[in-house]
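Got chain A sorted already, so can you dock chain B onto it with the hints?
Each protein sequence line maps, in turn, to chains A and B.
Residues in the first sequence are numbered from 1 upward in steps of one, following the numbering used here.
Residues in the second sequence are numbered from 1001 upward in steps of one, following the numbering used here.
Hint data in this document are derived by calculation from the structure and do not stem from the laboratory.
The reader is advised that the hints may include incorrect statements.
Claimed, not checked - Computed beta-carbon distance windows for the label pairs:
| id | chain 1 | residue 1 | chain 2 | residue 2 | range |
| --- | --- | --- | --- | --- | --- |
| 1 | B | N1054 | A | K146 | 39 to 49 Å |
| 2 | A | E69 | B | E1161 | 27 to 37 Å |
| 3 | B | Q1051 | A | G27 | 38 to 48 Å |
| 4 | A | G27 | B | A1009 | 40 to 50 Å |
| 5 | A | I30 | B | Y1196 | 49 to 59 Å |
| 6 | B | Y1196 | A | E69 | 12 to 22 Å |
Positions of the beta carbon are idealized from the N, C-alpha and C atoms, including for glycine.
2 protein chains.
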Amino acid sequence: MKKSVKVPAAVIRRLPHYLRILEELHGKGIERISSGELSERIGYTASQIRQDFNHFGGFGQQGYGYNVESLREEIRGILGLTREYKIAVVGCGRLGHAIAYFTNSFESTFVITAIFDISPEIIGENILGVEVQDVKALPAYLKENKIDIGVITVPKESAQEIADILTAGEVGGIWNFAPMDLDLPDGFPVYNVHLYDGLQSLVYYINHADE
Amino acid sequence: MKKSVKVPAAVIRRLPHYLRILEELHGKGIERISSGELSERIGYTASQIRQDFNHFGGFGQQGYGYNVESLREEIRGILGLTREYKIAVVGCGRLGHAIAYFTNSFESTFVITAIFDISPEIIGENILGVEVQDVKALPAYLKENKIDIGVITVPKESAQEIADILTAGEVGGIWNFAPMDLDLPDGFPVYNVHLYDGLQSLVYYINHADE
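Next up, chain A with everything else stripped away, as it sits in the complex (with noise of 0.2 Å):
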């Protein structure tokens, strides 16, 4: 399924919500959908629907439309959904409490394996069956521990220090929370969660609600 072509970062974020409706008309027991009707599900046009699929070799047949369950595991395989992936939470406070609640509540694809935060207070208290560790034993548990994914939901003033010890430690990928831009090796795999700044942009769609 790889091509050498580099898809779009708009495509590639595309992809986790054509996989969400797939995922509810198959839980519907839809089998098979039409451009137009997944069109109008999605909110794309069924011109942008085929050119994001012909990145991927198009898919399904016009006129008979797209057979929903295979549609969805071609998709699945694409964003790489067909392993499991471990993930270290950094930062056990409210936020990193809930976000690692929500990813471990994924299906299986996602496996909480460690935790870590500063406070004393959290240290050594049992979350989701993982013993939260000292961040002090980070660098030394990525050492000899493989983690696709390192989740950063410490205060701003700490993330840079967390990035670069969990780039040096090997991890995959980070899940960023923390509202700033971090400085990582070029091209390395993150995906930046800036709740302020999607607020923001809702601020300003309710002061421009009319136009």
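Just chain B, lined up with the frame of chain A:
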């Protein structure tokens, strides 16, 4: 500052990012920044930045660079961060709890005015000086109180019902954390934080990091 031409969504998504960088520069006492330096800081090309700013009349002079404080104020004004926003959080589990504290920490622009939950164990609890109310009281509350932003942090199964109550209660916009596309009136301001989608995009990049 309002323009009759609609500003592309991608530009609106980038405005908070500009603001974040400008706040950092301002915090460091930097008064002026060239478009080249700004480009390096933010990771967009200078031409992209010019194009973005042209949607709002340009700002600053080329060659001279941008005045950090006035650019910051311009962007805050465009986004509408110059007044207070009253926020109601619906769903006070781990994520709702974390989002309430997070939002409240964001200067005085955002004020958590009400929190709702369905669980008798959480109703009555005091969070951020606000008593958690029974979600059944939400429609009546919205009739009596003007809410700018409704935050949806309930499980997916209840999210549409809450969205319907929030729109009927004339909130200004919805900040949605439920992993689904809400059915909302045309043009209704909404910002979706689809955590799963982001995590799945990250997984794609982890699997294609060498391309």
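Index of numbered hints that the structure contradicts, given in increasing order: Hints 4 and 5 contradicted; others consistent.
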